[in-house]
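Residue numbers (the numbering used here), protein chains in the order written: chain A, 1 to 349; chain B, 1 to 572.
Source of the hints: derived by calculation from the structure; they are not laboratory data.
Model, not experiment: these values are computed from the prediction.
All residues carry an ideal CB built from backbone N, CA and C; glycine is no exception.
It is possible that some hints are incorrect.
In silico EDC-like pairs for lysine to aspartate or glutamate, Cα to Cα no more than 16 Å straight-line [unchecked claim]:
hint, chain 1, residue 1, chain 2, residue 2
1, B, Lys500, A, Asp244
2, A, Lys322, A, Asp57
3, A, Lys157, B, Glu510
Covered stretches of chain B (chain A as the covering partner; in silico rule of three or more C-beta atoms under 8 Å from a C-beta of chain A) [claimed, not checked]:
hint, stretch
4, 2 to 16
5, 59 to 68
6, 72 to 80
7, 466 to 473
Some, not all, of what chain B presents toward chain A, calculated at C-beta under 7 Å [said to hold, decoys possible]:
hint, residue
8, Leu86
9, Met87
10, Ser219
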Amino acid sequence: MRPEQILAPMPSGLCSKAGGFHIDPTRPVDKALITHGHSDHARAGHGHVLATQETLDIMRLRYGENFAGSTQAIRYGETLEISGVRVSYHPAGHVLGSAQIAVERKGTRIVASGDYKDVADPTCAPFELVPCDVFITEATFGLPVFRHSDAAGEIRKLLHSVTVFPERAHLVGAYSLGKAQRVIAMLRAAGYDRTIYLHGAMEKITAYYRERGIDLGPVELVKGARKAELAGTITICPPTAMSDLWSRRFPDPVLAFASGWMRVRARARQRGVTLPLVISDHADWDGLVKTIAATGCSEVWVTHGEEEALVHWAHMQGIKAKPLAIVGYGDEEEHENPAPADAETGAKP
Amino acid sequence: MNRFAELLDRLAYEPGRNNKIKLIAAYLRETEDPDRGYALAAMTGALSFRNAKAGMIRQLIAERTDPALFALSYDYVGDLSETVALMWQPKAGDASAPAIEDFPTDLFATPRDETKLLRNDPSPSLAEVVETLATLSKAQLPAQIARWLDTLDETGRWALLKLVTGALRIGVSARLAKTATASLGGKEPDEIEVIWPGLAPPYTGLFAWLEGKGDKPVSSDPAPFRPAMLAHGIENGDLAALDPEDFIGEWKWDGIRVQAVAGRDENGDMVRRLYSRTGEDISPSFPDLLPSLRQPGAIDGELLILRDGRVQSFNVLQQRLNRKSVTPKLITEFPAHLRAYDLLADDSGDLRHLGFAERRERLEAFVGKLDTRRVDLSPLVAFKTWDELIAARANPAEGGAGDDADAVEGVMLKRRDAAYVPGRPKGPWWKWKRDPMTVDAVLMYAQRGHGKRSSFYSDYTFGVWNGEDVLVPVGKAYFGFTDEELAEIDRFIRRHTVRKFGPMREVTHEPDTGLVLEVAFEGLQHSTRHKSGIAMRFPRISRLRWDKPPREADRLETLETILNSVIPGRGH
């Protein structure tokens, strides 16, 4: 049967008419299957939500108890049948609880991978390859200039900077779900054992990661710390906070930003970043093409990002490919809540 | 090479001068000879080898990539070297076609992060790159660059391409690099400047001395640069504490400070050089002036353009500067002239330990011996009391500068008994510029600053009213205010933002609401780049006029009147 009869792109997201559900819908629907907790994929207001326990917990932390009419948790590797469509969840390696969703009917299998990365991350389950007929991929970094090798090297760069500038504070801009905790865990893996400070926006999610048994070492809110104490320390904050009034509490801060976008200099300069760290939770170009090839798929659908180059590449490999142009997915940061109110410096919430 | 690449990468983003010095010093401390010496040479512009052209780099990448993917990538990144550095695929190992069976195990057993650590790093050292480039022929260059690109990581490739195309552009001056180098041994940068002309990459002797492992290198240069002595600005009350009898007055010329040095090499041939204030050798730009340096010695003076014996304005001089090629036409139209005001050495040796009055006497004799119209003496300003000096400063034409008053930007005071010391010691030399012009303008746009100021709106675009009662931008200023004033302006901007464009904000500028800034500037020029038709020289914020409503700010006609008037020394 044609794959579009199982799953088809609609303005509201990927929709399975046969199964009566959507995957990561961008507007409220009856039945939503959610890949992961970033707010461009996980929105509030659906009738029923099926997701991993971690994703459900994260949605609850972000949107409150009543984020959906009802919820159901599913484990990695578990299979459910929804109106004759077999559905299973598999680790995507993106953030804690992130999943690829495999949808199968009459011998045709489609994998909606959500956001994913194919490199090691101490804070979430590693990406699992699911062979399929149609692979639905993101293309956030879908250009061959995006190569995110050696995240550990970027952490070494940060630690070297802390030794060269012991009198300055280091601010590391990182998305509050996933990247922040990964940076902390990687600092620990590199042997950094001092207190790592947190912006208030990071507090809840970080506490949740620790509850789930991820060791992040001594972590404290930066709110109570005096300016002089912050010399030589590392603070993790939302990227937008670095150019905010909030940053004035730090002694001559070094502005670092952990993101795949930092691969391109103009991007880093635009944001006034002085220490770009190329650490991404998305697959880079090599990761995308390697994964697509390895799934053995005969067709690729590209949901969002730099789809043109990836579609071109797939055609060169003899793989059918098309962009889905679903509006509403993108950089999770854009969808994150702004930094919380900061009474001391008078910033508006 | 990778370490040097990391340094360049970091410097390219770091705006703060002191922070740059720290980064360079840390690199020099952590890196072995001869690599660190070549790095210093790269930063001071002391390397010379055949540069690669952009066309060659394009050709290299075309052999390795799909043209459509390259076009999309280049379009996205916008910079050729950077695109190539990021896209370059080493020949060995093709990541695009993995075998399915080795996928999951291979992927997580040896994360890509660590594969590089497992093998021996085959990437070249900086010394290898520099030494090889010096011997390569043009035909050998592309293949060698490709081999290096194959072994370097993204940052390494980016740095290599910057190095081979001859444009580091990382915001590091030679002086800054030398300052960082000096800090290794707790020395002053001027100590390095003094011996620098006699040194050559990779500077192993220099580093040995700085680290206390060797003697101070001796300069053998027959025409070395001597670090310049600089003056402090006179502020309110300074004069009252000084005795006019202790000082000699000079005009402060609106040209560029240079050092003209001549000396005989071991063969007895005369070597002549012209240095900028910071020690950069600018001789090739002024071939018309060099032959006049007929006597061994070192003159401290001002480079000016003279036409029919009259000093031309700075605007005229600017047309002679920063030219790629010095054509005969340029030399005829803009003849270079040296106005001498100090002598640092003559055939008897170094004179810097002598008092200024004594050096001045020697200078007068020296310039007489040169016997050329290209070099003359900067006249002294006669005064017995401070009031006489004040009068001369207020009206240089009457005060002795005559027809050259156009090019006078103030007066200099030098203590008769002061030796010539490098840097900016307080006391022996004073500069006293003429009062700047000011205009009341209205703040229109503000942009966030960099580094320490990255959370502050510290770059201001201001405007004045035109004939149709519309504000037109006339300039941009980003200093002149105190930290407290910066905080006040920042608060005002955040509360009065009309629109945002990225890091830029448009600020309310209505007749009754807005912020009036008193802007001080040194001169005006016609400009085709600005809508107002006017460009300001050296604008800075002199006062915040919270008391003044924008409707009372100045008008464009006021500036046009200043521009077109012939106030001596001011109207250019």
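Quick rundown of the hints versus the structure:
1. Note on lysine 500/B and aspartate 244/A: the hinted pairing holds, with a Cα-Cα distance of about 15 Å set against a maximum of 16 Å.
2. Between lysine 322/A and aspartate 57/A the CA atoms are separated by roughly 34 Å; this puts the pair beyond 16 Å, and the hint is violated.
3. A threshold of 16 Å between alpha carbons decides the hint, and for lysine 157/A with glutamate 510/B the separation of about 48 Å lies outside it, so the pair is violated.
4. Counting residues of the stretch 2 to 16 of chain B whose CB lies closer than 8 Å to any CB of chain A gives 7, so the stated coverage by that chain holds, three being the minimum.
5. Check result for the stretch 59 to 68 of chain B against chain A: holds, 3 residues qualifying (beta carbon to beta carbon below 8 Å, three or more required).
6. Given as covered by chain A, the stretch 72 to 80 of chain B passes the check, having 6 residues with a CB less than 8 Å from a CB of that chain where 3 are the minimum.
7. For the stretch 466 to 473 of chain B, the proposed coverage by chain A is not satisfied: 0 residues have a C-beta within less than 8 Å of a C-beta in that chain, short of the threshold of three.
8. Checking leucine 86/B against chain A by beta carbon gives a least distance of about 4 Å; that is within 7 Å, so the hint holds.
9. With its C-beta approaching chain A no nearer than about 5 Å, methionine 87/B sits inside the 7 Å limit, and its interface hint holds.
10. Interface hint at serine 219/B: violated, since its Cβ lies 32 Å from the closest Cβ of chain A, which is beyond the 7 Å cut-off.
Hint compliance for this structure: hints 2, 3, 7, 10 are broken, all remaining hints hold.
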